[in-house]
Amino acid sequence: MNNESRPKVQFVEVQTEEAGQRIDNFLLKKLKGVPKSRIYKMLRKGEVRVNKGRVKAEYKIEEGDSVRIPPVKTTNTETEVPVNLNVVQDLENAILYEDKRLIVLNKPHGMAVHGGSGMSFGVIEALRALRPEAPFLELVHRLDRDTSGCLLIAKKRSTLRFLHEQLQKKLMSKQYWALVEGKWPAKLKHIDYPLAKHHLKSGERIVRVTEGGKPSLTSFSVVENLKDYTLVSAEPVTGRTHQIRVHAQQAGHPLVGDPKYGTDEITEKFKQQGLSGRLFLHAYSLTFKVTPEDKAIKVEAPLPQDLQQTLEYLRR
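Count along the sequence shown from 1, then add 4; that gives the number in the working numbering.
None of these hints come from the bench; they were simulated from the model. No residue lacks a Cβ here, since even glycine has one placed at the ideal position from N, Cα and C. Zero decoy hints are in this set.
Straight-line Cα separation of at most 25 Å, SDA-like style, residue types lysine to any residue; simulated pairs:
| no. | residue 1 | residue 2 |
| --- | --- | --- |
| 1 | K34 | H145 |
| 2 | K40 | K201 |
| 3 | K160 | A133 |
Label pairs and their in silico Cβ distance ranges:
| no. | residue 1 | residue 2 | range |
| --- | --- | --- | --- |
| 4 | L134 | I301 | 19 to 25 Å |
| 5 | P74 | Q313 | 56 to 62 Å |
| 6 | E272 | E102 | 35 to 41 Å |
| 7 | E228 | P74 | 58 to 64 Å |
| 8 | K173 | P263 | 30 to 36 Å |
| 9 | E67 | V38 | 22 to 28 Å |
| 10 | G256 | S162 | 40 to 46 Å |
| 11 | F15 | P263 | 45 to 51 Å |
| 12 | K201 | E102 | 30 to 36 Å |
| 13 | R58 | E272 | 56 to 62 Å |
| 14 | R53 | S177 | 40 to 46 Å |
| 15 | E272 | P11 | 49 to 55 Å |
| 16 | K187 | Q313 | 19 to 25 Å |
| 17 | P263 | V16 | 42 to 48 Å |
All chains should be built: construct the whole structure from the sequences, respecting the hints.
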């Protein structure tokens, strides 16, 4: 539907792969470009009906449900992804593991997981363009734009629900390699500072340790001491935005190359040395179950060449 067409009432039957999600999220995906406020107003006023009855935003749709969607103008905000770009084509070669239910991708640094904030497209849009026949591709979790490594994408809604359940119950293990400034104390194995998002006057989003913030826990262990730096393994038990980066900064050992929470002099020093010029944070390992009956799967992403070269430089 485009802006010129006259909107009509739609009756949509919920498919197997759509079942289990909230009706508000279902509508947000169906009605591209419609403001959230309009969707919630439609639900409050009873304009949306499921099986001819009114429902609240938290109602979870079921397979076979008949959803009445009122006339509403939509805007197609999706950007066509140029699949011939090298960065898009390279994603196929970056797949670490794939079966009929999911994909584990070795996300390159510098690429956002989804479009927005100045990016016309991200990993998920690029994958959908590469796999136009795939009926369902959704991010299970996120990685910062400047972080590389294991990224999980579900190919079925039932798989997405089960993986989200593992995340909520802290049954999925995500481990990162990070290069930090200074000598990390071997005894410092857990950091649990509460975190909250803040917006600066410039509009930039930043995360800070804040009393009353969301509980946050990261486990750290020393992998290798490198002169004035330490390679650590970090496992975020909770999944807060920028969690590893802020916890490391608060411990007095910010990540090398971190433009938000790092030391400008150190970042500049590494750039001048011809090293990576990027945040040294890589999601190297992901452990999860695909179904309750299966054994856990562990997928590992090798350290990118630029980060490997950084370590080799420091070992000289």
